[in-house]
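If you read the protein sequences in the order shown, they are chains V and H. Sequential numbering from 1 applies to the first sequence in the working numbering. Sequential numbering from 1001 applies to the second sequence in the working numbering.
Hints in this document: simulated from the structure, not taken from any laboratory. Any given hint might turn out to be false.
As the list claims (entries may be wrong) - In silico DSS-like pairs for lysine-lysine, Cα to Cα no more than 30 Å straight-line: (1) Lys1223(H) <-> Lys166(V); (2) Lys1208(H) <-> Lys1125(H); (3) Lys1154(H) <-> Lys1125(H); (4) Lys1223(H) <-> Lys165(V); (5) Lys1085(H) <-> Lys1125(H); (6) Lys166(V) <-> Lys1125(H); (7) Lys1208(H) <-> Lys1003(H); (8) Lys1003(H) <-> Lys1125(H); (9) Lys165(V) <-> Lys89(V); (10) Lys165(V) <-> Lys1208(H); (11) Lys166(V) <-> Lys1154(H); (12) Lys268(V) <-> Lys123(V); (13) Lys89(V) <-> Lys1085(H); (14) Lys1208(H) <-> Lys1085(H); (15) Lys1223(H) <-> Lys1208(H); (16) Lys1223(H) <-> Lys1125(H).
A quick note: this is a predicted structure, and the numbers were derived from the prediction, not measured.
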Amino acid sequence: MQYFFDLVIVGLSLGMVYALVAIGISLIYSGLDVVHFAHGEIYMLGAFIGLSLYNATQWPFPVVLFGSMIITGLIGVVIERVFYRRILKSGGGYTVAGMAMVICGFGMSIILQNIAFLIWGPKAAPFPVSYGMPFEIGNVTLPAAYVWIVLAALILMTALHLFLKKTRLGLAVRAVAGNKEIAYLMGINVPLTISVIFGVACALGAAAGVLVGPINYVQVLMGIGILVKAFAAAVIGGFGSLPGAVLGGLLVGVVESLGAGYLSGSYKDIYAFIMLIIVLMVRPAGLFGVITKMKA
Amino acid sequence: MLKVTEVVGGYGSVQILNGVTMSVEPGRIVALLGGNGTGKSTMLKAISGLIQPWSGEIVFDGERIDRLRADLIVRRGLVQVTQGKEAYPAMTVEENLMLGAHIRPERAVRARGLERAFTYFPILKERRRQLTGTLSGGQLQMLCVARGLMSEPKMMLLDEPSAALAPQVVLDIFRAVARICRDGMTLLLVEQNVRMALLLADYAYVIKDGAIHIEGPAEDLIKDDAVRLSFLGGTVADVDQKLSL
């Protein structure tokens, strides 16, 4: 039983990490109408920035996490303003510009990998933070690192939820995600709101990278795997749906962990995709997929 | 208050407006009438800033607005009320109203706006916590008018409030709009329903092929044969009905 709980908690914590990245991909999809293929590299960049920040300042881990989110978020805003906006001016989604944007995303992913390679080098770096001793609840032991990841991710998700539901800017974000033309007629500064969406999405990706740092090594190519998993999570949950992204992330994490534990660890990466295929066969729009998007 | 001079424009390379000139005086209700594909929606988009005119001038409240982004025009007090189907269905009624007050973060203004919206449309108060997608067509249109009022604009552009609604519901909405205007709102009403629009308006322009075809006081146009023949299809509005609105 202990073994089962271990697998589930590991799965949940990794699932939370996938969910954070998937939320970012979903946010960008609903706000900009494009799939951001460089989001894995944003996660990698966030992890490295967190690591450098920690090595330079020795600040406590939560502060480092927050600092990395802010810096990466700002980098995201710059990337969106300088590169993506020019392409998206002529439309997203299924338009020619939407296609260009997909290619631009892949290009950005390679560029960011190489920049990280130049700055931090090819070696995997350990994140020298300890999450502390395991918790014991009854006769079940929970490794602290995984518990903290789940808690931190939950706090971030709650904060995002409150931001979207309770604040004026959050409401504007939802309006822009729903329909940009109507958002303009409400007096919303749509270009600025799109930058906010992109920045928040990148900050969440960075948080995922920093959270996973202490249990995995930080390395240049860490973004590739997570992008595919987070993408699977977003699709399973229903693309563009934030609760869907969370549920999808958790499902991917737990299924992967249980599969690796009980079946075979060497096929760890395919369990998520088997589940993706099954979900798409049964519910092609994903678990929470509803067509709420309205085009003028 | 609003002055449109020789506006030419369209989408991409398709020219739709061929030099439209019209004006709206403060406190008046002006109707812009025309059938499908005559350019009235394009004119509306040019005024509210969703498209930029190719040439010509749009002046609101003494300042040129034809090069401004749409959200900046809203900030100057010129608000376009969308059609009912353009309320956000996945938000609650209250959230939609709050979006209308996006440019006014002050608590007092928002509370006052809500109160005003609920006096004109009491049904919205009952439905305020409901998802907008569950409202009827008439209620959606009311919500959009109320949403337009939330930022306390100087002038409103009303985009086909009668579209796809039953005549009785249209009458309810027009009554509410008439009250709003009596309380001091300037209005440009874009309509296909010529009969209803002429009952409400003081002055009207008829647009055809992207240019103003006929214009005049609403009373005169009701009797005008040209208007009647081209749009009313024989149903002439009764001038006496205007008083009951």
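Status of each hint after checking the structure:
This hinted pair does not check out: Lys1223(H) and Lys166(V) have alpha carbons roughly 53 Å apart, beyond 30 Å. Restraint check: the Cα-Cα separation between Lys1208(H) and Lys1125(H) comes to about 40 Å, which exceeds 30 Å; the hinted pair is violated. Straight-line distance between C-alpha atoms of Lys1154(H) and Lys1125(H) comes to about 24 Å, which keeps the hinted pair within the 30 Å bound. Under the criterion of a C-alpha separation no larger than 30 Å, the hint pairing Lys1223(H) with Lys165(V) is inconsistent with the structure, at around 52 Å.
The straight-line distance between the Cα atoms of Lys1085(H) and Lys1125(H) is roughly 19 Å, inside the 30 Å bound, and the hint therefore holds. With a C-alpha separation of about 20 Å, the suggested pair Lys166(V) and Lys1125(H) falls inside the 30 Å cut-off, and the hint holds. For the given pair, Lys1208(H) sits about 19 Å from Lys1003(H) by alpha-carbon distance, which is consistent with the 30 Å threshold. Under the criterion of a C-alpha separation no larger than 30 Å, the hint pairing Lys1003(H) with Lys1125(H) is inconsistent with the structure, at around 36 Å.
Restraint check: the Cα-Cα separation between Lys165(V) and Lys89(V) comes to about 28 Å, which is no more than 30 Å; the hinted pair holds. Between the alpha carbons of Lys165(V) and Lys1208(H) the distance comes to roughly 45 Å, so the proposed pair goes past 30 Å and is violated. With a C-alpha separation of about 28 Å, the suggested pairing of Lys166(V) with Lys1154(H) holds against the 30 Å cut-off. Restraint check for Lys268(V) and Lys123(V): the C-alpha separation of about 24 Å stays at or below 30 Å, so the hint holds.
Annotation: proposed proximity of Lys89(V) to Lys1085(H) holds, straight-line Cα distance about 25 Å (limit 30 Å). Taking the CA atoms of Lys1208(H) and Lys1085(H), the gap is about 26 Å. The hint holds against a cut of 30 Å. In summary, the hint linking Lys1223(H) to Lys1208(H) is supported, as the alpha carbons are separated by about 19 Å, within the 30 Å threshold. For the hint linking Lys1223(H) to Lys1125(H), the alpha-carbon distance of about 40 Å lies beyond 30 Å, and the restraint is violated.
The earlier numbered hints that this structure contradicts are 1, 2, 4, 8, 10, 16.
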